[in-house]
Amino acid sequence: MSVISIFFTALFYISLIVFFIGMVKKIYQFGITPAPLKIPIAPTPLTQKGVVMRIIREIVLFESLFRSNKWIWLFGWLFHIGLLLILIRHIRYFWPYDLPDIFLLTQSFKYAAFVMVIGLIGLMLRRIFVDRIRYISAPSDYLMLIMLLIIGISGMIMTFTSNHTDIIMVKEFASGLVSFNWKNLPTEVYFLIHIFLVFVLMAIFPISKLLHMPGIFFSPTLNQVDNARSKRHIAPWALKQEKEHAIRLKQILGKDE
Amino acid sequence: MVKEFDIPALPTYLETPKLKEGVMDGEGPFKSAQEFQNPLGFPGEKVDNWQKVAIDKIGEIKSKYRSVQVFLDSCVKCGACTDKCHYFLGSSDPKNMPVARQDLFRSVYRRYFTFAGKYFPKLVGAKELDNDMLDDWYNYFHQCSQCRRCSVFCPYGIDTAEISMAAREVLDVVGIGQKYCNQILGKALTIGNNLGLPEPALRDTLLDLEEEIEEETGGIAVKYPLDQKGAEILLITPSADFFAEPHIDGLIGYGKVFHQDGVSWTLSSYASEGANFGMFIGSYDVMRKAALRIRKAALDLEVSRVMVGECGHAWRVAYSFWNTLSGVGVGAADEFSQKLQDQLDHRYPQPQHIIEYTHDLIQRGKLVFDKSANDDRTVTFHDSCNVARATNMGGILGGQFILPREVIKSVCNNYVDMERSTIKESTFCCGGGGGLLTDDLMEIRVKGAMPRMQALKTVEKDNGVNTLAAICAICKSQFSKVLPKFDFDPYMIVSVHQLVSEAIIMDKRKIEVQEDKSEVD
Ligand code: SF4
Ligand code: SF4
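Each protein sequence line maps, in turn, to chains G and P.
The opening residue of the first sequence carries number 1 in my numbering; numbering runs sequentially from there.
The opening residue of the second sequence carries number 1 in my numbering; numbering runs sequentially from there.
Some hints could be false.
20 Å max Cα-Cα, derived DMTMM-like pairs, lysine to aspartate or glutamate [what the hints assert, rightly or not]:
| no. | chain 1 | residue 1 | chain 2 | residue 2 |
| --- | --- | --- | --- | --- |
| 1 | G | Lys-240 | P | Asp-249 |
| 2 | G | Lys-240 | P | Glu-335 |
| 3 | G | Lys-70 | P | Asp-345 |
| 4 | P | Lys-52 | P | Glu-4 |
| 5 | P | Lys-296 | G | Glu-244 |
| 6 | G | Lys-243 | P | Asp-285 |
| 7 | G | Lys-231 | P | Asp-345 |
| 8 | G | Lys-240 | P | Glu-60 |
| 9 | G | Lys-231 | P | Glu-335 |
| 10 | P | Lys-339 | G | Asp-131 |
| 11 | G | Lys-70 | P | Asp-370 |
| 12 | G | Lys-231 | P | Asp-334 |
| 13 | P | Lys-409 | P | Asp-285 |
| 14 | P | Lys-64 | G | Asp-101 |
| 15 | G | Lys-70 | P | Asp-375 |
| 16 | P | Lys-409 | P | Glu-443 |
| 17 | P | Lys-18 | G | Asp-131 |
| 18 | P | Lys-485 | P | Glu-443 |
| 19 | G | Lys-243 | P | Glu-335 |
| 20 | G | Lys-171 | G | Asp-101 |
| 21 | P | Lys-57 | P | Asp-132 |
| 22 | G | Lys-26 | P | Asp-345 |
| 23 | P | Lys-461 | P | Asp-375 |
| 24 | G | Lys-243 | P | Glu-128 |
| 25 | P | Lys-118 | P | Asp-25 |
| 26 | G | Lys-231 | P | Asp-6 |
Keep in mind the hints are simulated off the structure, nothing from the lab.
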């Protein structure tokens with residue numbers, strides 16, 4: 001294997017491990033942090049089923065964002081749906097066996113790259129030209145968009161221009177990563193940029209705002225059922241406090257609490 | 001001393017303002033003195049090692065509150081919330097954009113608690129918690145009414161109120177409390193109500209009120225029982241209701257409704273306050289202390305129902321938190337809560353809102369109204385933030401929007417809603433919530449009221465609205481103050497139960513006849 005292949009192979013595993021450990025830690029942290037009070041936000045579902053539907057609508061349709069601002073919604077949604085379709089299409093590269101027929105269906109998903117890039121450009125333009133959004137942006141917010149744009153555009157260059165990369169080699173390299181059967185990777189510059197940034201993005205996922213992905217499931221304003229009167233909700237630390245307090249109450253019974 | 005400031009003009013259409021950096025910079029509200037700080041368990045003045053104390057407290061809060069932890073990590077700076085805050089719309093100060101307000105907290109969290117912020121602070125906008133930052137916290141977290149309008153529009157439900165509560169708790173712990181909230185909490189926790197009315201004064205007030213009503217109704221004895229053991233209902237209402245217009249007219253309304261229903265009820269002198277400012281300062285413990293007073297009153301008075309009067313955040317605390325804090329509701333574990341829960345009548349929701357109660361009586365034909373008594377009014381309803389965005393009524397989806405409107409429509413002939421994007425879950429705050437209802441914050445209160453006033457102006461012009469009804473003591477006080485600033489009549493703000501009070505027919509005999517008839521049916 002060439003040095004560069006070894007480098008990228010190593011980078012992949014390192015990024016993957018960082019991604020995995022980071023995400024598990026973060027999700028664990030979100031999970032164990034108690035929500036001491038019921039704080040669902042209107043329009044609030046009164047049942048568990050309603051909550052599930054609400055989260056699904058948020059994830060699939062970006063409902064709150066739609067209510068809020070049609071431009072951000074449009075660009076944000078285009079970017080995410082484009083990205084999703086492209087990710088699905090990329091499974092073929094990592095699939096270590098012969099491709100099942102179902103992957104033929106994903107062939108046309110390559111055009112989703114345009115959707116994604118248009119969404120990203122829209123988000124970028126807003127960030128630059130709308131003074132409110134410029135005000136709240138840190139360098140990392142631009143950087144994240146730029147990285148995604150470069151990933152998208154380098155991918156499009158390989159797909160839609162004559163700068164094709166050796167697809168067989170890509171497949172061997174990528175599926176080799178999954179099946180631990182390591183192979184050389186093509187060294188065209190667009191491809192190297194493309195996967196380098198993808199790996200970097202993977203590694204910074206757990207330490208960046210990309211945490212909104214797991215975050216949305218843990219958001220108490222979205223995921224709580226509005227039933228405080230009929231079902232008691234209490235956090236472990238509060239219950240402990242309550243028990244200790246009860247003992248004290250007993251001692252001063254009759255007096256003011 | 002209140003500083004001079006511009007009162008914003010009311011635009012025909014609400015537009016997003018151009019940013020004017022620093023217009024609302026300042027010292028913030030009056031700081032709380034030692035005498036108000038210590039009883040709540042906070043240091044009297046800024047502690048020497050404040051920075052360490054603050055960082056430790058942030059660490060503690062984020063490990064105790066999932067909301068804070070998730071919200072600090074999840075914001076993508078999409079900007080969807082930026083134009084949703086009434087304080088930003090009214091003041092143009094960019095730090096009043098919800099995400100920028102959160103970032104005062106978030107940038108510090110990043111600096112001390114995240115990898116990226118520790119090693120690449122510039123890149124991710126992480127900042128030290130220095131004196132300037134602390135001043136910004138004190139100033140701008142007291143320009144948030146914790147109304148949660150921004151949260152409705154955030155794709156992750158990020159709730160600036162949770163962050164501002166956390167920030168205020170940190171500030172309290174380092175000894176920089178806000179005078180208004182902490183002084184009031186002191187009174188509520190010792191005397192029993194925010195106004196500091198002791199039992200004899202309260203008793204006198206209620207007796208006067210009884211006399212007044214008897215005179216006005218031509219001899220109908222509407223009673224305002226205090227500390228009456230064994231009454232069915234304990235009414236917990238904001239103490240403003242005992243005191244001034246327009247609040248007291250609401251109290252008159254509640255009394256008349258109870259009277260017509262023939263139910264026994266009581267107020268408590270020990271827990272004569274519905275408002276719980278513990279929520280505003282973000283302190284679970286203080287909020288719990290205040291809530292426990294109500295549990296004690298309910299136990300001592302042996303009531304079987306606990307009911308809440310017209311107060312927005314009181315209702316939020318009662319509806320969403322009482323069961324958690326003090327077991328008014330179902331399913332609590334400790335002895336006192338269990339005793340209370342055995343005592344409560346679970347055929348009714350516990351606690352219940354006075355609107356739910358009146359609504360139910362209306363539905364069952366127990367109240368008779370002469371709607372024409374309110375014919376001089378064209379009424380619109382201001383959805384109070386905490387009621388609209390944090391609670392429910394009647395157990396039906398959106399009941400908190402439906403029930404008050406139905407009650408109003410049952411007692412008035414002329415009702416109009418304000419523009420859809422300014423009511424219900426998207427309602428604009430009155431501008432005085434969250435512990436901002438103090439004269440030293442008059443500038444932000446007036447500026448923050450602008451979007452609500454704009455919507456009101458439109459229905460005034462288009463539909464001749466001359467009455468603004470609300471079910472929150474803070475809204476009512478705030479509107480009384482700011483309405484004239486925007487050339488409205490300050491008396492156009494009324495309690496919903498004032499409208500009920502004006503239309504209700506206080507003829508006991510007639511009611512009984514009706515009841516008989518319905519039994520025959
Ligand atoms: S005042 Fe309301 S809208 Fe503004 S930041 Fe605070 S919670 Fe959000
Ligand atoms: S809407 Fe939510 S995610 Fe977007 S900037 Fe505001 S707080 Fe952040």
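Structure-based check of each hint:
1. G:Lys-240 with P:Asp-249: Measuring from Cα to Cα gives roughly 43 Å; hence the hint is violated.
2. G:Lys-240 with P:Glu-335: Within the cut-off at roughly 14 Å; holds.
3. G:Lys-70 with P:Asp-345: violated, 48 Å
4. P:Lys-52 with P:Glu-4: Between Lys-52 (chain P) and Glu-4 (chain P) the Cα gap is close to 37 Å, so the pair fails against 20 Å, i.e. violated.
5. P:Lys-296 with G:Glu-244: Holds: Lys-296 (chain P) and Glu-244 (chain G) sit about 18 Å apart, inside 20 Å.
6. G:Lys-243 with P:Asp-285: Holds. Lys-243 (chain G) to Asp-285 (chain P) sits at ~14 Å (cutoff 20 Å).
7. G:Lys-231 with P:Asp-345: holds, 16 Å
8. G:Lys-240 with P:Glu-60: Given pair Lys-240 (chain G), Glu-60 (chain P) holds - Cα atoms ~16 Å apart, limit 20 Å.
9. G:Lys-231 with P:Glu-335: OK: Lys-231 (chain G) and Glu-335 (chain P) at ~17 Å, within 20 Å.
10. P:Lys-339 with G:Asp-131: Judged against 20 Å, a Cα distance of about 57 Å means the pair is violated.
11. G:Lys-70 with P:Asp-370: violated, 46 Å
12. G:Lys-231 with P:Asp-334: holds, 15 Å
13. P:Lys-409 with P:Asp-285: violated, 40 Å
14. P:Lys-64 with G:Asp-101: violated, 50 Å
15. G:Lys-70 with P:Asp-375: violated, 41 Å
16. P:Lys-409 with P:Glu-443: Distance of about 35 Å is beyond 20 Å: violated.
17. P:Lys-18 with G:Asp-131: holds, 8 Å
18. P:Lys-485 with P:Glu-443: At roughly 11 Å apart (the allowed maximum being 20 Å), Glu-443 (chain P) and Lys-485 (chain P) satisfy the hint.
19. G:Lys-243 with P:Glu-335: Distance of about 10 Å is within 20 Å: holds.
20. G:Lys-171 with G:Asp-101: holds, 17 Å
21. P:Lys-57 with P:Asp-132: Holds, at roughly 19 Å.
22. G:Lys-26 with P:Asp-345: The given pair, whose Cα atoms are some 44 Å apart, is violated under the 20 Å limit.
23. P:Lys-461 with P:Asp-375: holds, 18 Å
24. G:Lys-243 with P:Glu-128: It is violated: about 38 Å lies between the C-alpha atoms, which goes past 20 Å.
25. P:Lys-118 with P:Asp-25: violated, 28 Å
26. G:Lys-231 with P:Asp-6: Since the Cα atoms of Lys-231 (chain G) and Asp-6 (chain P) sit roughly 48 Å apart, the hinted pair is violated (cutoff 20 Å).
Comparing the model with each earlier hint shows violations of hints 1, 3, 4, 10, 11, 13, 14, 15, 16, 22, 24, 25, 26; every other hint is respected.
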